[in-house]
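Here are the chains, one letter per residue:
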Amino acid sequence: MIIPELGPPKENIIVKANNLVKEFEGRRVLDNVSFEVKKGEVLVIMGGSGCGKSTTLRILIGLEKADEGNVWLFNENITAYDDKQFDAIRKRFGVLFQSGALFNSMTVGENVSLPLHQHTELDENVIQIIMRMKLEMVGLTGFEHLKPAEISGGMKKRVGLARAIALDPELVFYDEPSAGLDPVMSAVIDELILDLKKKMNITSVVVTHHMDSAFKIADKMVMLYQGRVLAYGTPDEIRNSDDPVVQQFISGSADGPIPYRTSRDLYLQTLAGIAEERIDTR
Amino acid sequence: MTNIRLPSILDPVAIIGKKFLDIIKLIGGVGLLLSDTFFWGIIAPLTGKFPDRKSIEKQLIDEGVNSVPIVGLLSFTVGLILAMQTSFNLEKLGAATYFPALVAVATVRELGPLISSIIISGRVGASIAAELGTMVVAEEIDALRSMSLHPVRFLVIPRVIALFIMLPCLAMLANVASIAGAFVFGASTLDMSFASFKQMAFEYMTDTDVWTGLLKAAVFSFLISGISCYNGLTVTGGAEGVGRATTRSVVFSIFAIIIADGIFTAVFYYLLKL
Ligand SMILES: Nc1ncnc2c1ncn2[C@@H]1O[C@H](COP(=O)(O)OP(=O)(O)OP(=O)(O)O)[C@@H](O)[C@H]1O
Ligand SMILES: [Mg+2]
Chain A
711 MIIPELGPPK
721 ENIIVKANNL
731 VKEFEGRRVL
741 DNVSFEVKKG
751 EVLVIMGGSG
761 CGKSTTLRIL
771 IGLEKADEGN
781 VWLFNENITA
791 YDDKQFDAIR
801 KRFGVLFQSG
811 ALFNSMTVGE
821 NVSLPLHQHT
831 ELDENVIQII
841 MRMKLEMVGL
851 TGFEHLKPAE
861 ISGGMKKRVG
871 LARAIALDPE
881 LVFYDEPSAG
891 LDPVMSAVID
901 ELILDLKKKM
911 NITSVVVTHH
921 MDSAFKIADK
931 MVMLYQGRVL
941 AYGTPDEIRN
951 SDDPVVQQFI
961 SGSADGPIPY
971 RTSRDLYLQT
981 LAGIAEERID
991 TR
Chain B
1358 MTNIRLPSIL
1368 DPVAIIGKKF
1378 LDIIKLIGGV
1388 GLLLSDTFFW
1398 GIIAPLTGKF
1408 PDRKSIEKQL
1418 IDEGVNSVPI
1428 VGLLSFTVGL
1438 ILAMQTSFNL
1448 EKLGAATYFP
1458 ALVAVATVRE
1468 LGPLISSIII
1478 SGRVGASIAA
1488 ELGTMVVAEE
1498 IDALRSMSLH
1508 PVRFLVIPRV
1518 IALFIMLPCL
1528 AMLANVASIA
1538 GAFVFGASTL
1548 DMSFASFKQM
1558 AFEYMTDTDV
1568 WTGLLKAAVF
1578 SFLISGISCY
1588 NGLTVTGGAE
1598 GVGRATTRSV
1608 VFSIFAIIIA
1618 DGIFTAVFYY
1628 LLKL
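Note that the protein sequences, when read in sequence, are chains A and B.
Our numbering applies: residue 711 is where the first sequence begins, and numbers increase by one.
Our numbering applies: residue 1358 is where the second sequence begins, and numbers increase by one.
Honestly, I wouldn't trust all of these hints.
Unchecked claim - Calculated pairs, DMTMM-like style, for lysine to aspartate or glutamate (alpha carbon to alpha carbon, straight line, at most 20 Å):
#1 A:Lys857 with B:Glu1488
#2 B:Lys1411 with A:Glu834
#3 B:Lys1555 with B:Asp1566
#4 A:Lys775 with B:Asp1499
Since the hints were made in silico from the structure, they are not lab data.
My request is simple: use the sequences and hints to build the entire structure.
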């Protein structure tokens, strides 16, 4: 696996993470995570539950600060940016959160049109048309007057996606876009990600542990395991990896080096951050 | 390796110390939040970034109008009780008919603003903390920030402004309701006429009594909204954390109101001799 070199990104690199380290209460959740994403590419971040995928994403979008390492978005080093400095960049990307994160006091339509109302000077009629168009893209025509509490979890996620792409961003971050969706709908979301890439050259960073969709959409993949990058490369490279953990993850089998049941003591040690010796992967 | 430690005689000191640090942290956090609020509420509008009118209107109704029945009813009852207590005790001095003066002054100076603020801590403070805390848990605050919409501007400002407008109004309502309670007592048991009640009540009450009371309510509104918004926005740990934040908001708001009331009373009536 080719780890991206240190230092600022080359041209054409939209997202770059360099040696990210993050600790929560003395527990190392991310350990030297590095990767980069070219313009128009789809990067998939994979890994088991709790391995730090969402944390990586939150660092990339500036909701969390890394303890060490650097992040570049659109060739700007955003590592130390505060909310105000981040404002201009945040208008250039969209985020789909793991739970959808809709505003419960607003209708579906108001949720999708919120960024349009706040960040553009468009006419109300135009905003309404864009809002309906985005809802149609996620298959929710006619849902604009419902409240988030009145729709299902999977629908909330699709509304969240419509909101994330409301401003036609150049870059979209997805936290588990297909978790909680039925197979048909998750295929629709995959198609949508590919469509955005093909038609509008939109760059995507997708967190998922859904293997089929990962291999379908990815140009590059990062596999995290216990906070470290276990594998990084094209889907073919990952598929042909001889790492048993990677293989077990791809095939989704219960037998293999990934412990499905850690001992209680080991788990408590991990929590306390004193498990220096991680489970041997060789 | 294990860090099991035996209970020590110094534990209570550690607990008190930790509580003390908690309170310092809270004061610092609320202070920072309120200064951010003044930026978005006062400085930013000068540059053309106005807070959202619709959400302020919604909060005026939620926080203010919907609190009218409970504040009115409880203040009326307190006025009634106060009238019974004072007239009963004044009777021993042969001055039973002086109770309207006592009730009126005590109400506008102290009880009206204090009771309405405490009721609002429970009703509005708790709901602010629970609502914002739930938004934190559901990643809604993160979503706002990721869309470069500042949570203070979007969520805190409307709540702070609405309560600043509404709490003095509610305190005034409490004043009127409580004095009305006293009148109902006077009319029903002492056969007092409205005219004589009114004369008695207003003879000793001054404008200063009224406005110092309302000024206190305005200041208490910042304590309630600041503490509740801060506790809501700093929730960690899911639903349990929301519950904790709600309780903390109510307890700390009431605590802060009573301390502030003590300071005001000392300053107004002893230093400034108002
Ligand atoms: N704010 C926080 N405070 C303390 N620990 C945290 C915090 N956020 C995340 N963690 C811990 O960091 C680890 C990684 O969390 P993260 O949410 O990134 O996992 P994930 O890979 O997204 O998992 P999932 O697939 O279940 O969403 C977890 O063990 C979690 O308990
Ligand atoms: Mg996650």
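Item checked: In rising order, the numbers of the hints this structure does not comply with -> none
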